[in-house]
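Asks: Protein chains in written order, with full-length UniProt numbering: chain A, 1 to 462; chain B, 1 to 462.
Read the hints as simulated data drawn from the structure, not as lab findings. Just so you know, not all the hints are guaranteed correct.
Which copy is meant is left open, because identical chains are indistinguishable; a pair holds if it fits in one copy or across any two.
Simulated crosslink set (DSS-like; lysine-lysine; CA at most 25 Å straight-line) [what the hints assert, rightly or not]:
1. K265 to K291
2. K186 to K71
3. K252 to K295
4. K374 to K130
5. K41 to K28
6. K155 to K368
7. K327 to K378
8. K28 to K367
9. K252 to K23
2 protein chains.
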Amino acid sequence: MEAVTSPQQESSGPITRGSQWLKSLPNKVCDKTMEIARKTKKLGQDDPRRIVHSLKVGLALTLVSLFYYFKPLYDGFGDSAMWAVLTVVVVLEFSVGATLGKGLNRMLATLVAAGLGFGAHCLATLSGRKGEPILIATFVFIIAVIMTFMRFFPKMKARYDYGLLIFILTFCLVSVSGYRNDQVLKMAHERFSTILVGSCASLIVCICIFPVWIGEDLHNSVAANIGMLGNFLEAFGDEYFKVSEESNENIKLYLQEYRSVLTSKSSEETMANFARWEPGHGPFGYRHPWKMYLKVGNITRDCAYKVEALNSYLNSKIQTPAEIRGKIQVPCKRVSLECSGALKEMASTFRKMVRTRSAVMHIESSKKAAEELKSLLKTNLWEEADLLEMIPAASVASLVLEIIECIDKISEAVNELGEAACFRKSNATILPEQPDSIQQETVQQDSNTAMPVPHCVIVVAE
Amino acid sequence: MEAVTSPQQESSGPITRGSQWLKSLPNKVCDKTMEIARKTKKLGQDDPRRIVHSLKVGLALTLVSLFYYFKPLYDGFGDSAMWAVLTVVVVLEFSVGATLGKGLNRMLATLVAAGLGFGAHCLATLSGRKGEPILIATFVFIIAVIMTFMRFFPKMKARYDYGLLIFILTFCLVSVSGYRNDQVLKMAHERFSTILVGSCASLIVCICIFPVWIGEDLHNSVAANIGMLGNFLEAFGDEYFKVSEESNENIKLYLQEYRSVLTSKSSEETMANFARWEPGHGPFGYRHPWKMYLKVGNITRDCAYKVEALNSYLNSKIQTPAEIRGKIQVPCKRVSLECSGALKEMASTFRKMVRTRSAVMHIESSKKAAEELKSLLKTNLWEEADLLEMIPAASVASLVLEIIECIDKISEAVNELGEAACFRKSNATILPEQPDSIQQETVQQDSNTAMPVPHCVIVVAE
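Modelling step: build the complete structure from the supplied sequences, incorporating the hints.
Replies: As structure tokens, this is what we get:
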């Protein structure tokens, strides 16, 4: 026997392993529970409105189920009161826009479809007991086919998808059940009124208790996206022309977070669709131009694609030697910092719904710096350098120049939106700029991107 | 009187205008109808499966409503048969994955929640007629709060969102109605069995009549995205170094269509989520690695960002003069064509679920061409040129070089996926390449991107 089995190895048979597994089970369960608790806590901390929403759903359901418990209320609706409970479960959404959209869709579709279903029932009864199911089945088939196809129209899908679904549902319910139930009109009426009660209860709870306005979320998200690009450009200058190898945590974060802008299109579209259902509230008036937010978002994303290209030069294999990079460092850094300033300024004033010329000033200075950079590039600065090694730095310079154009476009779109949405005008007073103001700014910028602080050199008069 | 009102002007009062509007009304209605008809036709032609789906919904609803018409079937379920109809309306979705996901969620959630609701009802009745509503209301509140919060967990939202909703709904339905209705168990049982019937009817119609597999859509969409980037790179070489001002329609299309790749992330994620519900079918086995499609999609998008940067040089204000561009034309065009070849080859073989080394050959030749380009860039090629004017061409060259790396990554991810999904291996026979094969390829490429044709130099053996 060459391989001697040690007593320890021998003892690890299936029974031992089973008992070991059983022993470790409480630990495993404990670990899993801890993990879930940790995740739950994080979800709640990231957005406490989630906890509030959950409580609101519980409250609304408990309120509506009172219809069942109290005899006087129950007598009004009977068993149909259950529809009110179901409506609350289905309609009460996180944001006011989504709840209103679903509630109105549900109410309107139920009203129209219940009427049409009753009509179909009346028409079908004329054809006698034998012909009735055939006629009803034909109606159901036709309505289902047409309405289902209508759900594919992009405009219908965006706004009335749920309504079309409920239309088919109610039409079937009323017309089909008419065959066995003579009190169709009573049923149609009950269904509509319970859905009305459920929808209204949802809306009241949604709007009156800590309402979540999705339009505000869209507004802040568009502003935050612009701010993130600004943060990147600020960090980029330091990182690309850095002296030491280490970079601080903030810079690392800034160089990463812009990536969420690249894929923000669909969430912005969803938010804009919901926002259009919301009534005027606070600074967001009736007919607030939500569509223009999508335009600003698209141009911001175009800028983000350029920023992504810029980012790839940070980790590129072929790098321009530091001494060559150093030659363009001053104007290049200046352009990127002024661009960053413009974007952050825009994000900040846009968020506060103020129109100022402060971002334009930054763009102007970035253009001046760009001219410097261009004239530097025109000189035979890099005569002895290897062309291949020079390309990355040259590309960076050219990208930075392009980004200025992009920012110009963002600024234009933001101004258009500001005019259309009647942002208040600010008589920004520009303090005389310090010679080394740009260096100071980078230090003074607040690290919180979601709520950019106002730029230090601007005093808002209004 | 200076301004004499002519009789014609005078006659255009409100009545005349009204009658003119009335006269033009039929035309307006006619125009609108024509427009809707045109849009409907286009929707149907773009994807005829939409028409089929609409007919399927009509059919399933008509079938399920038979439960109401035929006495023997009706006696089994009674009025609850209506739940089966509602289930069909809500569950029957466009794709098998979505229908299965919703159907299984609905059935499972109903089963569990009905049981739990019955338990809650039994527990509550113990506390007497007065305590019952208070206890039930407490249960409803707790369940609603917990389940609503669970819907915020990203993993739950992706797969079980609908199930959690139905859980709350059924729990409320069973526990609350137990207060007025003694036959709670019968009700819970009826609700579950009708939902079972409705879900099964939906599934049968969805799977048996022209099924739409969302997994296949995801597969084709990922392949098409890779192909689109290939098309762009093919067109880019011609467009950037073009001699004449005119460009043909195909090239214009190719230079545009890649933009849809930039924003494909969320639709790919939705498709992957649904695809995971689908059973094995055809070449897509059980536990097909749908998640890896997302990885390929992400890397393809990273490549698309670089392509976007490349595209911006086509319309850039500062352009390198044509004679300077001409100096790098041959190797640069060769790199972009080989990259294009690699991508199109990958798209084609990936789509057919074949593993070949043919794309790798293209990547190898693109790398060779890249070395040529690099050594050309190292020579003092552009000594007399203005550095500023030179930058765009240099950037294009550097981007093209970077795209090779990206394609290498795509190829790696595609191969990984091919291995995990057991794509069949192909003994591709490589015909000896013609010296001017690249020029020929551009002519021979098929213009249909959705279904890229196999590359002409590859003979698939299996």
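Asks: Starting from the hint list further up, note which numbers the structure goes against and sort them upward.
Replies: Violated hints: 4, 6, 8 and 9; rest satisfied.
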